[in-house]
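Student: Residue numbers (the working numbering), protein chains in the order written: chain D, 3 to 499; chain P, 33 to 147.
Bear in mind the hints are in silico, worked out from the structure with no lab data behind them.
Please read these numbers as outputs of a predicted model, since none were measured by experiment.
Honestly, I wouldn't trust all of these hints.
[As the list claims (entries may be wrong)] One-sided excerpt, in silico: chain P residues whose CB lies under 10 Å from chain D:
id: 1; residue: Arg50
id: 2; residue: Leu62
id: 3; residue: Gly70
id: 4; residue: Val82
id: 5; residue: Pro96
id: 6; residue: Gly99
id: 7; residue: Ala100
id: 8; residue: Ala101
id: 9; residue: Leu104
id: 10; residue: Ala134
Each residue gets a CB set at the ideal place from its N, CA and C atoms; glycine is no exception.
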Amino acid sequence: MTNDLLLVAPLLAALGSAIAGALAAGRATAQRVIGVAGAGALLTSAVALVVHVHATGIATTQLGNWPAPFGITLVADLFSALMVLVTGVVALCVAVYAASENDARALGAGFFPFFHVLLMGVCGAFLTGDLFNLYVWFEVMLLASFVLLTATAGPSALRSGLAYVSLNLLASAFFLVGVAVLYGVAGTLNLADLAVKLGQPEAREAARPVAALLLVAFGIKAGLFPVFFWLPASYPTAGVAVSALFAGLLTKVGVYALIRVFTLLFPLQDAGGSVALVAVASATMICGVLAAASQAHVRRILSFHIVSQIGYMVLGLALATPLALASAIFYVLHHIVTKTNLFLVGGLIRRAGGSEALGELGALAVRRTGLAVLFAVPALSLAGVPPLSGFFAKLQLLRAGLDAEAFVAVFIAVAVGLLTLFSMAKIWIEAFWGEAPENAAPDPTLPRGAVFASAGLALLTVALGLGAEGLWQLANEAAATLLEPERYVRAVLGARS
Amino acid sequence: MSLAVALAVGVVFAVSLRLLLQGTLWHLLLGLALLSHGTHLLLFAAGGLVAGGPPLALEGALAPAAGAADPLPQALVLTAIVIAFAVLAFALVLGLGAGRDAKTDDIDAYGGDRG
Chain D
3 MTNDLLLVAP
13 LLAALGSAIA
23 GALAAGRATA
33 QRVIGVAGAG
43 ALLTSAVALV
53 VHVHATGIAT
63 TQLGNWPAPF
73 GITLVADLFS
83 ALMVLVTGVV
93 ALCVAVYAAS
103 ENDARALGAG
113 FFPFFHVLLM
123 GVCGAFLTGD
133 LFNLYVWFEV
143 MLLASFVLLT
153 ATAGPSALRS
163 GLAYVSLNLL
173 ASAFFLVGVA
183 VLYGVAGTLN
193 LADLAVKLGQ
203 PEAREAARPV
213 AALLLVAFGI
223 KAGLFPVFFW
233 LPASYPTAGV
243 AVSALFAGLL
253 TKVGVYALIR
263 VFTLLFPLQD
273 AGGSVALVAV
283 ASATMICGVL
293 AAASQAHVRR
303 ILSFHIVSQI
313 GYMVLGLALA
323 TPLALASAIF
333 YVLHHIVTKT
343 NLFLVGGLIR
353 RAGGSEALGE
363 LGALAVRRTG
373 LAVLFAVPAL
383 SLAGVPPLSG
393 FFAKLQLLRA
403 GLDAEAFVAV
413 FIAVAVGLLT
423 LFSMAKIWIE
433 AFWGEAPENA
443 APDPTLPRGA
453 VFASAGLALL
463 TVALGLGAEG
473 LWQLANEAAA
483 TLLEPERYVR
493 AVLGARS
Chain P
33 MSLAVALAVG
43 VVFAVSLRLL
53 LQGTLWHLLL
63 GLALLSHGTH
73 LLLFAAGGLV
83 AGGPPLALEG
93 ALAPAAGAAD
103 PLPQALVLTA
113 IVIAFAVLAF
123 ALVLGLGAGR
133 DAKTDDIDAY
143 GGDRG
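Please model the entire structure based on the sequences and the hints provided.
Tutor: Below you can see the structure in the form of structure tokens.
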């Protein structure tokens, strides 16, 4: 009973706020209240879920009381629960930011209802225990993201939106083909049941092409090399709050799906990791960071850094040792908080300096000391400077890499870290130091709620860095659960397996 | 029958790929439509094709008679069709708007975000 309620609560919180928001269409104040309160409810239910899962182990519920593997199962292991939790944190901060930064017209046009539909899709993807249901949640999330992207983007919205929609349709087709073949091979789509069926050598052999199909599908969604080009082309065109939400959550849903599939269905840990995936991860890190170095627009630089950071997370998955997987989980959680905040600060920079092009910014450190601090915290964390959260995430990942003797990948990870610092320093020097541009826009006051949201995330980054041990402990437990698929199977299918 | 359907899926995918690579707006949209059709056909065929065996349970029986078709792929396909329909409708509107904005149907001229 508790399980049922706790697992469904995050989805209901998001769905309820979306419906309430849609009913209050056109009323900006009501939208603000519903938007923030809904995100708060999501965060609260996520906290309850994490506490419950941490105390009692994997929680499951069978929707409609159809027993697994016939019905749709919702499952929360510690990894899923932590992902829902960080989704709640990001949701609340972005909601506060959007409520204070967006004008009444944008809010009246329906920002928050779609915002909550997107959150519902994200949480559903984290909680589902069924592969086809995962596809459905992906589509819920993507349809909302299409609307948010095209409704908030500037003049080139329709055109960059078209590329985004087409690429996502292509990825969904890959995913669905993989689902079809997998059903043909195993006759089930319940993840736990699949894990059992694919345990047979002949079924695993027959399902091997599916692993490739799912890798491509989730790789496109996560922004892996060589299929990441849609990401930097679309994210910077969206509105600030929308791009922060996308940057924090959407690609990480792809990473989550990769981790789930390659620990449960096609366990890399049995194969001692994957050289091919290590190579892909390394190429992703390098390409992202080099492309970022050539950009001169705040949020475009940050978008390319999403790509390079995805490489770190996938590297952790590819090495497939307990330490590597735990560091990948820690990295995902740290990255969602940090990256969302960087995009929010990017929006504040645009407001304070009147532009996002580095050439048109300058001397913000003098005029806006507080903003400089807000930028410096997540930027240094992203680059991995101690004592912030990014340092601990990178440190553990490097340790895992050295343990697994993946020396080339470790070297690349260190070099990419330095280049990330270079990129962040570039934004710092161009935007915060130097001469103020001649035709600088007069300083509008920064919306207080937006600053508050960004400061909250910055504090969290510092807290995750100084108090990394607590989260590291949780990440280790989550990784241990992932590496023992039998526990997941037993929780879903009961003792009969 | 399986072979015929498999060949049909292959042809549909091949045509859609060709259309996607044409570089004009209408080819792109048609290609996306065909791509999802091909996927649906594959999904439908994946559960095994049965002719004349509706998945209905006779009165009093707990399960359909042996040799009945598997109903699950049909349910999956229906769901997927609805989703693909919605996404395609959205893509169509986006495409129309983008084409009107750029005054050309050459996708390469759209350029996305170059700033």
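Student: Against the earlier hints, flag every one the structure doesn't satisfy and list their numbers going up.
Tutor: Failing hints, ascending: 1, 2, 4, 5, 6, 7, 8.
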